[in-house]
Amino acid sequence: MTPLPTGSATHPGTDIAAPRLAKKKFLHDAAEHVRDTGHRAFVRKALGGYYTTRDAQKARYRDYEQARDAASLAKWSAVNRLDELLPRFAENFTANGGQVHWARDAAEAREIVLGLLRGARAKAVIKSKCMTSEEIHLNQAMEADGYGVVESDLGEFIQQLRGEPPYHFVFPCMHVRRDEISDLFQKHLGSPPTSEPEELTMIARRHMRRLYVEADVGITGANFLVAETGQISITENEGNARLTAGLPRVHIAIAGIEKVVDRLDDLAVLLPMLATAGTGQPLTCYNTLYSGPRRAGECDGPEEMHVVLLDNRRTEILADPEQRDSLHCIRCGACLNVCPIFKNVGGFTYGTTYQGPIGSVITPHLRGLADWNHLSGASSLCGACTDACPVRIDIHHHLLHNRRNAARTAPGRFERLGHRLFVAAASRPWLFAAGGWWFRKSLGLLKALRPPLLKAWLATRDLPPAPPHSFRSQWRRR
Amino acid sequence: MRIDLFIPCFVDQMAPRVGMAVASVLERLGHTCEFRPAQTCCGQPSFNAGYWDEARAVAIRTVGVFAGTEAVVGPSGSCVAMLRVFYPQLLAGTPHETAALDLAARTFEFGEFLVKKLGVTDVGARFPHRVTYHDGCHGLRELRVKEEPRMLLKAVRDLELVECDEPESCCGFGGLFSVKYPMISTAMAEVKGGSLARTDCDYIVSSDPSCQLQLDGWLSRQGKKPRTIHLAEVLAGTDA
Numbered sequence: 001m002t003p004l005p006t007g008s009a010t011h012p013g014t015d016i017a018a019p020r021l022a023k024k025k026f027l028h029d030a031a032e033h034v035r036d037t038g039h040r041a042f043v044r045k046a047l048g049g050y051y052t053t054r055d056a057q058k059a060r061y062r063d064y065e066q067a068r069d070a071a072s073l074a075k076w077s078a079v080n081r082l083d084e085l086l087p088r089f090a091e092n093f094t095a096n097g098g099q100v101h102w103a104r105d106a107a108e109a110r111e112i113v114l115g116l117l118r119g120a121r122a123k124a125v126i127k128s129k130c131m132t133s134e135e136i137h138l139n140q141a142m143e144a145d146g147y148g149v150v151e152s153d154l155g156e157f158i159q160q161l162r163g164e165p166p167y168h169f170v171f172p173c174m175h176v177r178r179d180e181i182s183d184l185f186q187k188h189l190g191s192p193p194t195s196e197p198e199e200l201t202m203i204a205r206r207h208m209r210r211l212y213v214e215a216d217v218g219i220t221g222a223n224f225l226v227a228e229t230g231q232i233s234i235t236e237n238e239g240n241a242r243l244t245a246g247l248p249r250v251h252i253a254i255a256g257i258e259k260v261v262d263r264l265d266d267l268a269v270l271l272p273m274l275a276t277a278g279t280g281q282p283l284t285c286y287n288t289l290y291s292g293p294r295r296a297g298e299c300d301g302p303e304e305m306h307v308v309l310l311d312n313r314r315t316e317i318l319a320d321p322e323q324r325d326s327l328h329c330i331r332c333g334a335c336l337n338v339c340p341i342f343k344n345v346g347g348f349t350y351g352t353t354y355q356g357p358i359g360s361v362i363t364p365h366l367r368g369l370a371d372w373n374h375l376s377g378a379s380s381l382c383g384a385c386t387d388a389c390p391v392r393i394d395i396h397h398h399l400l401h402n403r404r405n406a407a408r409t410a411p412g413r414f415e416r417l418g419h420r421l422f423v424a425a426a427s428r429p430w431l432f433a434a435g436g437w438w439f440r441k442s443l444g445l446l447k448a449l450r451p452p453l454l455k456a457w458l459a460t461r462d463l464p465p466a467p468p469h470s471f472r473s474q475w476r477r478r
Numbered sequence: 001m002r003i004d005l006f007i008p009c010f011v012d013q014m015a016p017r018v019g020m021a022v023a024s025v026l027e028r029l030g031h032t033c034e035f036r037p038a039q040t041c042c043g044q045p046s047f048n049a050g051y052w053d054e055a056r057a058v059a060i061r062t063v064g065v066f067a068g069t070e071a072v073v074g075p076s077g078s079c080v081a082m083l084r085v086f087y088p089q090l091l092a093g094t095p096h097e098t099a100a101l102d103l104a105a106r107t108f109e110f111g112e113f114l115v116k117k118l119g120v121t122d123v124g125a126r127f128p129h130r131v132t133y134h135d136g137c138h139g140l141r142e143l144r145v146k147e148e149p150r151m152l153l154k155a156v157r158d159l160e161l162v163e164c165d166e167p168e169s170c171c172g173f174g175g176l177f178s179v180k181y182p183m184i185s186t187a188m189a190e191v192k193g194g195s196l197a198r199t200d201c202d203y204i205v206s207s208d209p210s211c212q213l214q215l216d217g218w219l220s221r222q223g224k225k226p227r228t229i230h231l232a233e234v235l236a237g238t239d240a
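In the order they appear, the protein sequences are chains G and C.
When the letters of the first sequence are read in order and numbered with the working numbering, they come out as residues 1 to 478.
When the letters of the second sequence are read in order and numbered with the working numbering, they come out as residues 1 to 240.
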């Protein structure tokens, strides 16, 4: 049996050492990926069923659009009162016996978690799905300090064995075929080959059970932090988060500060919306509220419970009234599922923790606009994401806002000149018409000369011949 | 009604027949069409590239060109969305904001104008072909035009309308996106173009000449049969 690989330490893409290369790498990887038509078809097919099940669930709402309004309002009112709700959550969570840790950035968050592991004299760590831990590269940090870490979510476990980051932040291994999983389990777990999903799940389950018991610390994410009650809400389908949180001596939850909601009642709309938009389920199989560590007289549960509240530049988004609604995101993944860019370039091409449209909106805020604006450019602005978003984030328009902000702060010199010349012509009808005439008359020559942008078009697409007369001249003569 | 034609710059230069077809349908219904030659480009290429200050100059100009009109009708969901949805945002907080909002309220996409404003679905057209309809994203999601073109097509004599399996997928044009990220744009054309071609239709009807450029460009390169045709051209077709 091959030992577990060091997992996320070898992730290609989640952390690019020289981020200036991010755009170059994106263009390269996108070009590579689109050539893999088999992979693209596989991902399209995998997401094909999503539309059907999601629409069936949407139809069960009395008014899905109103439910979107309600979910959006719940998040809006929380995000706009973080200063009030976060301290209230902290106070109530502490009253429940938990401990709150505030992390300004990824380094602080890692230090907090490593400090807790040292304090607990931990050896083994089990971890359920937690995108904030991907964001702060926690696995690498824990492994560097000698802790054994195992992912307990099946998809994340598969990705850990493969040494890859999540392909999709809700469906981490959606790109992996069943036979590949079988091979992987044979290699790492010594299991017999099988193509039955149930059998594959049971292999992982048998492997995992022992690890829950052996782990000293369980790390989870959090879908919602309820300020009113000081509880943490976790949504899942496998029951692994319950075991991760409940069996080890210490439970650490890591959550972005935008996860706080005001009241327990808010979950009445947010939990079903998360499931419907994310996976096409009425509710996910398990929705658990964690209310602090084991109390006197209780027979199970962790001895200690911690929550790490992570900023990591979320307050920069908060400071931008135009894009503040991107903090509404409940990480359902609906925008990825419907995105033609995601489906055609795949999850790894983004090179980000959060893939797809919402990732393209927030990554420039989290990691710098200059290096990540190309993700906002890589969109036809079709708007499918915005229509799919259960909390009404104006996703595709924020891509435009990022483009505008980038053009303002660091315009491409030639690009800006090009737009200025275009605008100068468009402001003078005679010049614009003359330019149009010249374009029509020289289109044949241009096609032969293939200047850069036209070359990009003609590489895969034809261009019709120009008509002899423009509309305006035909109109004048009729 | 006196209708001002809003002819996008690439329709002016590359697809004048679409503009003529729009005028022909509207005139057949008894309306008067005007064309103000001072119009140029709506500024969307610069706006979408992030050069809003540059685009704003064009927007202010275009708002002025169409001042005092009764109805402005354009044969492109994308360019109409620019006037109706994005001008008010681009000019918000400027002295031109009110004029932009005023123009937005008078600006219509061609098919939408026929159905919603004129209350017409049967324009007396005949088009004896099997067609499918391609939803352009700006028309579909910025203007919320989906049923109108289908209502119009269903009323055309001898026309058979079939739906493809990806009606709401983007064709991948996206303006400068198509040449800045050509590999992604082409992959999207493969998906949408393939879906449209599988309907075994004679024509792909569209309300956006920019989508037509993309789809025809890809279909032609692939040697696939159907070609696009603008909704106005279908509706302009009669027995006569």
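Be careful, since some hints might not be right.
Listed next, the in silico EDC-like pairs over lysine to aspartate or glutamate satisfying Cα-Cα at most 20 Å (straight line) [to be verified]:
1) K45(G) with D165(C)
2) K225(C) with D239(C)
3) K146(C) with D55(G)
4) K146(C) with D462(G)
5) K225(C) with E65(G)
6) K224(C) with D200(C)
Don't read these hints as lab results, they were simulated from the structure.
Next on the checklist: For each hint given before, does the structure comply? Return the numbers of the non-compliant ones in rising order.
Outcome noted: 2, 4, 5
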